[in-house]
Amino acid sequence: MANRLALPPLYVILDAALLPSDPIELTKKLLDAGARLFQYRSKTSSSRELLHTSQALCLTVRQHGGTFLVNDRADIAHLAGASGVHLGQNDLSVSAARKIVGNDCLIGLSTHDLQQFEAAVESSADYIAVGPIFSTSGKQNPDPVLGVDFIRTVRKLTAKPIVAIGGITLERAPEVIAAGANSVAVISDILGAKDPVQRAKQFLEKLPVAASAAGN
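Each residue of the sequence shown is one higher than the one before, counting from 2 in my numbering.
Mixed in with the good hints, there may be bad ones.
Derived lysine-lysine pairs resembling DSS-like cross-links, with alpha carbons at most 27 Å apart [as the list claims (entries may be wrong)]:
1) K195 with K29
2) K30 with K195
3) K157 with K30
4) K30 with K44
5) K195 with K157
6) K157 with K29
7) K100 with K44
8) K202 with K30
9) K207 with K195
10) K44 with K207
11) K44 with K195
12) K44 with K29
To be clear, the hints were calculated from the coordinates, so they are not data collected in a lab. Just so it is clear, the structure is predicted and the values come from calculations on it, not from any experiment.
Turn these sequences into a full structure, and let the hints steer you where they fit.
This is how it looks when you write it as structure tokens:
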């Protein structure tokens with residue numbers, strides 16, 4: 002399945018720390034703008050709160066034909082009926098998460114160096130995230146910046162989709178796609194924008210052009 006998976010070029014990370022009090026309304030607007038791939042991330046919610054919000058977001062995204070993943074928690078992703086889960090290096094292994102979410106759910110895995118990427122290639126992860134590509138304020142203790150050249154290096158190692166994350170802005174996104182990433186995960190440049198919906202529209206206009214030029 003991994004080799005045939007086609008991810009939209011824009012991957013919106015719904016970070017609870019940056020979302021308004023009602024994330025559903027913003028998500029609906031982003032869906033109306035054309036965004037179709039979302040991940041919900043909350044590092045401070047209780048399991049009950051995380052499940053409640055994930056269920057609501059999953060329903061909203063799926064009603065619009067989108068794909069919704071939960072960050073870190075395979076159990077919450079399964080209970081919420083999400084399309085899948087995105088794992089970090091300190092979360093459950095891909096094989097353990099697969100036993101929870103099943104073979105029909107997507108699993109994404111974050112990687113931060115070549116060794117981690119190569120291990121991800123050998124796993125059943127459906128897509129591999131790499132980052133941070135640029136310096137980012139999205140994490141308190143970010144991993145070392147990899148740079149765009151890292152994408153060019155690992156692109157040769159797999160047919161699985163590559164998602165680039167970390168400090169990606171509207172201006173930088175085309176360069177990242179040109180280097181071989183199939184999708185860019187964006188947090189602050191959309192959620193922190195004065196008009197998040199308009200910003201998302203700008204990404205959605207620019208990314209397909211960059212992907213076409215890159216032959217993605």
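Tested hints:
1. K195 with K29: 17 Å, holds
2. K30 with K195: Roughly 14 Å separates the two Cα atoms, so the pair holds.
3. K157 with K30: 36 Å, violated
4. K30 with K44: 24 Å, holds
5. K195 with K157: Roughly 38 Å between the alpha carbons, so the hint for K195 and K157 is violated.
6. K157 with K29: Status violated; Cα separation ~37 Å.
7. K100 with K44: With Cα atoms ~23 Å apart, K100 and K44 stay inside 27 Å; holds.
8. K202 with K30: 11 Å, holds
9. K207 with K195: Distance ~19 Å between K207 and K195 Cα, so the pair holds.
10. K44 with K207: Between K44 and K207 the Cα gap is close to 31 Å, so the pair fails against 27 Å, i.e. violated.
11. K44 with K195: 24 Å, holds
12. K44 with K29: Roughly 23 Å separates the two Cα atoms, so the pair holds.
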